[in-house]
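A.B. asks: Sequence:
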Amino acid sequence: MQRISSFNGDQQGRLYLVPTPIGNLDDMTFRAIKTLQAVDLIAAEDTRHTQQLLNHFEISTRQVSFHEHNTEQRIPELLAKLKAGQQVAQCSDAGMPSISDPGKELVAAAVAAGIPVVPLPGANAGLTALIASGLAPQPFYFYGFLERKHQQQVSELQQLADRPETMIFYEAPHRLKKTLTTMAEVLGNDRRAVLARELTKRYEEFSRGTLAELRDYFADHQSRGEFVILVAGNDHPTAGQPQSAGSPVEQVDQEISRGLSTNAAIKLVAKRNRINRQELYREYHHIGE
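Position 279 (the sequence shown) corresponds to 279 in UniProt numbering; numbering is contiguous.
Incorrect hints may have been included.
[Claimed, not checked] Pairs of lysine-lysine, DSSO-like flavour, derived with a Cα cap of 30 Å: (1) Lys81 - Lys104; (2) Lys177 - Lys81; (3) Lys178 - Lys81; (4) Lys201 - Lys178; (5) Lys201 - Lys177; (6) Lys271 - Lys177.
Hints in this document: simulated from the structure, not taken from any laboratory.
Can you build the whole structure from these sequences, using the hints too?
C.D. replies: Written as C-alpha cells, this is what we have:
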C-alpha cells in the first residue's frame, strides 16, 4: 500500500491539479491563483488560452504545453522536473484536469513515481449543470463525450440504457443534433433530459423536456456554446438490451458482431473497462505472444 502526504517535505516536488473557470473568471479561487503564482512551471492544455487567464490575474509563471498529442514526450520531462524538486501545476482550458481533459496520464505517472499529487477544488461543468437540472442529483453517472460515429454512439448508449442514475454527457454544438437524435433512438423518445449551455456565462441557458422534444427543438434552432447533456436514469429497466459479458477480448468480439469495426470495438471496450487501449489492441491481435 502506498501512502504519500501532499504537504510534507519542503524540498519535494509536487504536482498540483488546478481547475480553471468554465466561463466566468470570477469563479477562479484564491488558492488556484496563489498556486499558479507560486509553482515553478505550469503544464497547460493550450498555452495561448491559459496565457489570457494568467494575464488577467497578473501571473507570470512560465508555461509548457501539455495536451493529448504530446503526453509521451512531456511526461518524462515533467517527472524529471518534479523529481528534481520543482513544483508543477497542471491545468486544462476550462474546468477540472483529467475530466474529459488532459491530465490522467500525468497523474498516474506521478503516483507511480511516488510524487505527491495535490488536487485543488474548483469549477466543473457536469456538476454545475447537475445541481440546477431538476433531475435526481444522486446517484449520478458521469460519461463525458460519446464517440462521434453513429454506430459507436448507438453501442455506447445501449450499454447505458438501463442505468438508474442520472447520466452526464458533454457535447460540442456542431454535433448536438445528431447526438440527441441517437439518444432518442436508443434511450427512447420519452426519456427526460436537460441541456445546459454557456454555463456561468452571460447567456447561460437550461432547456428541459423529453429527448424527442429537445431533438425537435434543436432541429429548428441553432446550437451555440458547449453543452452538458443530462439524461434521467431508467427507473423501469427492460430486458433485451445488449449486454456485454466476459473478458475484454470477448467483449470486442461482441461489439464487432453488432456492427462496429475492430478498432472502434477495441476503443469502446477499453473505455468501458477503463483499460489501456493499446494493451487491449495487442492482446486482441496476439501481438507479443
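A.B. asks: Against this structure, judge whether each hint is valid.
C.D. replies: Structure-based check of each hint:
1. For the suggested pair Lys81 and Lys104, the alpha carbons sit about 18 Å apart, so the restraint of at most 30 Å is met.
2. A C-alpha spacing of about 45 Å is found between Lys177 and Lys81, which places the hinted pair above 30 Å, so the restraint is violated.
3. Of the supplied pair hints, the one linking Lys178 and Lys81 is violated, its CA atoms being roughly 44 Å apart against a limit of 30 Å.
4. With a CA separation close to 25 Å, the supplied pair Lys201 and Lys178 stays within the 30 Å bound.
5. With a C-alpha separation of about 22 Å, the suggested pairing of Lys201 with Lys177 holds against the 30 Å cut-off.
6. Between Lys271 and Lys177 the alpha-carbon distance is near 24 Å, which keeps this suggested pair within the 30 Å criterion.
Hint violations for this structure: numbers 2, 3, all remaining hints satisfied.
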